[in-house]
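Asks: Sequence:
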Amino acid sequence: MFDTVLVANRGEIAVRVIRTLRTLGVRSVAVFSDADADTRHVREADTAVRLGPAPAAESYLSVERLLEAAGRTGAQAVHPGYGFLAENAAFARACVDAGLVFVGPPADAISLMGDKIRAKETVKAAGVPVVPGGRDPELAEAARELGAPVLLKPSAGGGGKGMRLVRDLATLEEEIAAARREARASFGDDTLLVERWVERPRHIEIQVLADAHGNVVHLGERECSLQRRHQKLIEEAPSVLLDESTRAAMGEAAVQAARSCGYEGAGTVEFIVPGGDPSSYHFMEMNTRLQVEHPVTELVTGLDLVEWQLRVAAGEALSFGQEEVRLTGHAVEARICAETVSVRAGARGFLPSGGTVLALHEPSGDGVRTDSGLSEGTEVGSLYDPMLSKVIAYGPDRATALRKLRAALAETVTLGVPTNAGFLRRLLAHPAVVAGELDTGLVERDVDALVSDGVPEEVYEAAAAVRLEALRPKATVGGWTDPFSVPSGWRLGGTPKPPAFWLRVQDPVEYVPRGTHTVTETHVSVVLDGVRHTFHRAADWLGREGDAWQVRDHDPVAASLTGAARSGADPLTAPMPGTVTVVKVAVGDEVAAGQSLLVVEAMKMEHVVAAPHAGIVAELDVTPGTTVAMDQVLAVIIPAELLAEPLATSLAEEEK
Numbered sequence: 291m292f293d294t295v296l297v298a299n300r301g302e303i304a305v306r307v308i309r310t311l312r313t314l315g316v317r318s319v320a321v322f323s324d325a326d327a328d329t330r331h332v333r334e335a336d337t338a339v340r341l342g343p344a345p346a347a348e349s350y351l352s353v354e355r356l357l358e359a360a361g362r363t364g365a366q367a368v369h370p371g372y373g374f375l376a377e378n379a380a381f382a383r384a385c386v387d388a389g390l391v392f393v394g395p396p397a398d399a400i401s402l403m404g405d406k407i408r409a410k411e412t413v414k415a416a417g418v419p420v421v422p423g424g425r426d427p428e429l430a431e432a433a434r435e436l437g438a439p440v441l442l443k444p445s446a447g448g449g450g451k452g453m454r455l456v457r458d459l460a461t462l463e464e465e466i467a468a469a470r471r472e473a474r475a476s477f478g479d480d481t482l483l484v485e486r487w488v489e490r491p492r493h494i495e496i497q498v499l500a501d502a503h504g505n506v507v508h509l510g511e512r513e514c515s516l517q518r519r520h521q522k523l524i525e526e527a528p529s530v531l532l533d534e535s536t537r538a539a540m541g542e543a544a545v546q547a548a549r550s551c552g553y554e555g556a557g558t559v560e561f562i563v564p565g566g567d568p569s570s571y572h573f574m575e576m577n578t579r580l581q582v583e584h585p586v587t588e589l590v591t592g593l594d595l596v597e598w599q600l601r602v603a604a605g606e607a608l609s610f611g612q613e614e615v616r617l618t619g620h621a622v623e624a625r626i627c628a629e630t631v632s633v634r635a636g637a638r639g640f641l642p643s644g645g646t647v648l649a650l651h652e653p654s655g656d657g658v659r660t661d662s663g664l665s666e667g668t669e670v671g672s673l674y675d676p677m678l679s680k681v682i683a684y685g686p687d688r689a690t691a692l693r694k695l696r697a698a699l700a701e702t703v704t705l706g707v708p709t710n711a712g713f714l715r716r717l718l719a720h721p722a723v724v725a726g727e728l729d730t731g732l733v734e735r736d737v738d739a740l741v742s743d744g745v746p747e748e749v750y751e752a753a754a755a756v757r758l759e760a761l762r763p764k765a766t767v768g769g770w771t772d773p774f775s776v777p778s779g780w781r782l783g784g785t786p787k788p789p790a791f792w793l794r795v796q797d798p799v800e801y802v803p804r805g806t807h808t809v810t811e812t813h814v815s816v817v818l819d820g821v822r823h824t825f826h827r828a829a830d831w832l833g834r835e836g837d838a839w840q841v842r843d844h845d846p847v848a849a850s851l852t853g854a855a856r857s858g859a860d861p862l863t864a865p866m867p868g869t870v871t872v873v874k875v876a877v878g879d880e881v882a883a884g885q886s887l888l889v890v891e892a893m894k895m896e897h898v899v900a901a902p903h904a905g906i907v908a909e910l911d912v913t914p915g916t917t918v919a920m921d922q923v924l925a926v927i928i929p930a931e932l933l934a935e936p937l938a939t940s941l942a943e944e945e946k
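Per our numbering, residue 291 is the first one in the sequence shown, and the count goes up by one each step.
If you're looking for bench data, these hints aren't it; they were derived computationally from the structure.
Accuracy of the hints is not assured; some may be wrong.
[As the list claims (entries may be wrong)] Here are the in silico distance ranges between beta carbons for each label pair:
{"#": "1", "residue 1": "His-503", "residue 2": "Ser-535", "range": "25 to 33 Å"}
{"#": "2", "residue 1": "Ala-430", "residue 2": "Gly-361", "range": "46 to 54 Å"}
{"#": "3", "residue 1": "Ser-742", "residue 2": "Arg-616", "range": "56 to 64 Å"}
Heads up, the beta-carbon is just placed ideally off N, CA and C, and yes, glycines get one too.
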């Protein structure tokens with residue numbers, strides 16, 4: 291076994307790898323960008339090395355700096371985690387050339403399986419069934435031969451980035467162009483392939499483990515069908531869809547796929563499976579790294595996959611065979627991401643978020659595990675992947691595991707950074723999910739029922755209670771309190787008028803508290819209509835059962851005095867913290883309702899900001915490359931019906 295291992299990653303996966311290194315008595319070396327100097331993975335490692343500025347290209351993606359850090363700290367091996375350089379064959383070769391062990395498969399295996407086109411050809415030759423499809427340069431022709439619907443996929447990467455489902459071939463060229471753009475931005479390669487789309491498919495993957503001595507085993511399957519925009523949300527092991535014979539057949543196909551590329555270490559073979567005919571499974575791709583969802587396999591097999599990655603990399607043989615692998619009980623995982631979840635957020639309810647973690651509670655206990663890179667004070671920005679942590683529950687059966695996970699998500703508190711924890715809790719209670727009737731389109735079909743709109747009254751009541759408490763005068767010496775300073779609404783010779791507060795979560799609301807309450811530094815409880823509601827609190831944030839609300843004060847007088855309000859103009863604000871990448875208009879331009887005006891990008895996700903109505907661009911505050919905060923004003927549009935011809939003309943002249 292190694293003495294020192296450098297972890298070439300950040301966040302929760304770096305913390306996860308460091309935990310196993312500590313268990314094995316191996317010295318851990320963390321690396322960090324300037325933005326991550328005080329993060330949890332840096333504090334938990336035995337030593338840490340600064341890589342450089344925050345952009346990934348100058349830190350976590352810099353092969354030169356990573357190898358230098360390994361050399362400076364005496365590391366013998368490099369664990370890449372997932373993301374960044376984990377599936378980069380050039381990095382794996384560079385490690386070997388530098389005399390380091392890459393904790394992962396050989397570079398040739400990464401290269402082969404990283405090219406989805408070559409991967410399909412290779413496993414097909416090994417007898418593994420593959421999805422019918424085509425590739426560049428005859429991509430459009432192949433798509434038309436397959437017939438709609440078809441799925442466009444980048445050849446060079448995964449994680450859902452650049453994938454496009456095309457149901458109308460009239461939009462094929464437009465979708466191909468968009469997929470190429472996203473693939474180029476995400477992977478530096480815009481090569482695409484096209485596959486026949488399987489209606490209501492299930493996404494099932496097989497975990498494999500191989501050593502350098504010719505031993506290859508599979509560790510059962512994971513069901514990953516609950517997705518949004520091709521991004522996994524919930525994963526579980528085992529799948530309720532498979533019987534023992536299908537599980538064995540898919541497992542053997544995964545083993546053959548691993549053997550076909552000379553695989554070593556932990557890897558995952560992904561299959562698309564028709565829900566109505568599980569025996570008709572087809573190979574999609576192989577992920578040549580540890581998967582985000584590996585904990586569910588660990589819980590049902592009792593194996594530490596990171597430990598076995600390290601042991602295999604150190605030259606050890608597997609100490610067990612296929613017949614010794616047993617799946618016991620059931621495990622389910624939920625991915626906690628920095629997201630604003632609301633029907634008003636756009637992208638059908640989801641946008642990347644950010645902020646500072648002001649209060650944090652992560653569940654643990656019997657059958658509950660949290661893998662996280664968070665701590666209070668962590669700054670969550672738009673530079674890196676939005677996944678913050680994972681909550682995993684284990685039970686003797688699926689119903690118990692689901693119940694434990696729902697309860698664990700209800701305990702999860704991440705105030706200061708909007709997350710999807712409450713949404714995931716509602717998803718896990720969906721009747722189809724409870725029944726195990728899953729497919730990759732379920733979330734998109736039922737998203738409106740899962741995304742909450744509106745703010746419960748008790749949220750405003752709790753926010754008002756906090757403000758009332760702040761107004762209460764402190765007792766003077768002797769315990770005397772001036773009765774005129776108590777915010778009771780008492781008036782001389784008149785009916786008491788309780789104080790009202792202007793509050794804003796979405797739209798401004800004038801709220802008069804009407805319940806009883808108890809306020810502490812960390813919690814607030816209110817009783818409305820005989821029902822007690824308890825919230826966690828920090829600054830202007832309130833949270834309960836996985837949901838959180840930022841309740842701001844609102845000044846209606848100040849708002850009415852803004853230039854936009856006086857002219858009847860509508861300010862367009864940033865829907866998420868990020869970077870403006872495209873500006874399509876100028877001051878004075880006439881725009882139509884729904885016209886695309888700007889594009890904001892965060893965490894490799896694009897969001898189009900469109901005109902809410904026809905009008906004139908009266909103000910434009912950003913240019914391509916501008917970094918923007920959540921709710922920052924980007925532009926101001928004056929509605930067409932409010933415009934006089936002289937005003938429109940003067941705006942255009944002013945711009946000239």
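Asks: Indicate, hint by hint, whether the structure satisfies it.
Replies: Hints and how they fare:
1. A C-beta distance of roughly 29 Å is found between His-503 and Ser-535, which places it inside the suggested range of 25 to 33 Å.
2. Remark: the range hint 46 to 54 Å for Ala-430 to Gly-361 is upheld by a beta-carbon distance near 48 Å.
3. For the hinted restraint 56 to 64 Å between Ser-742 and Arg-616, the CB-CB distance of approximately 41 Å leaves it violated.
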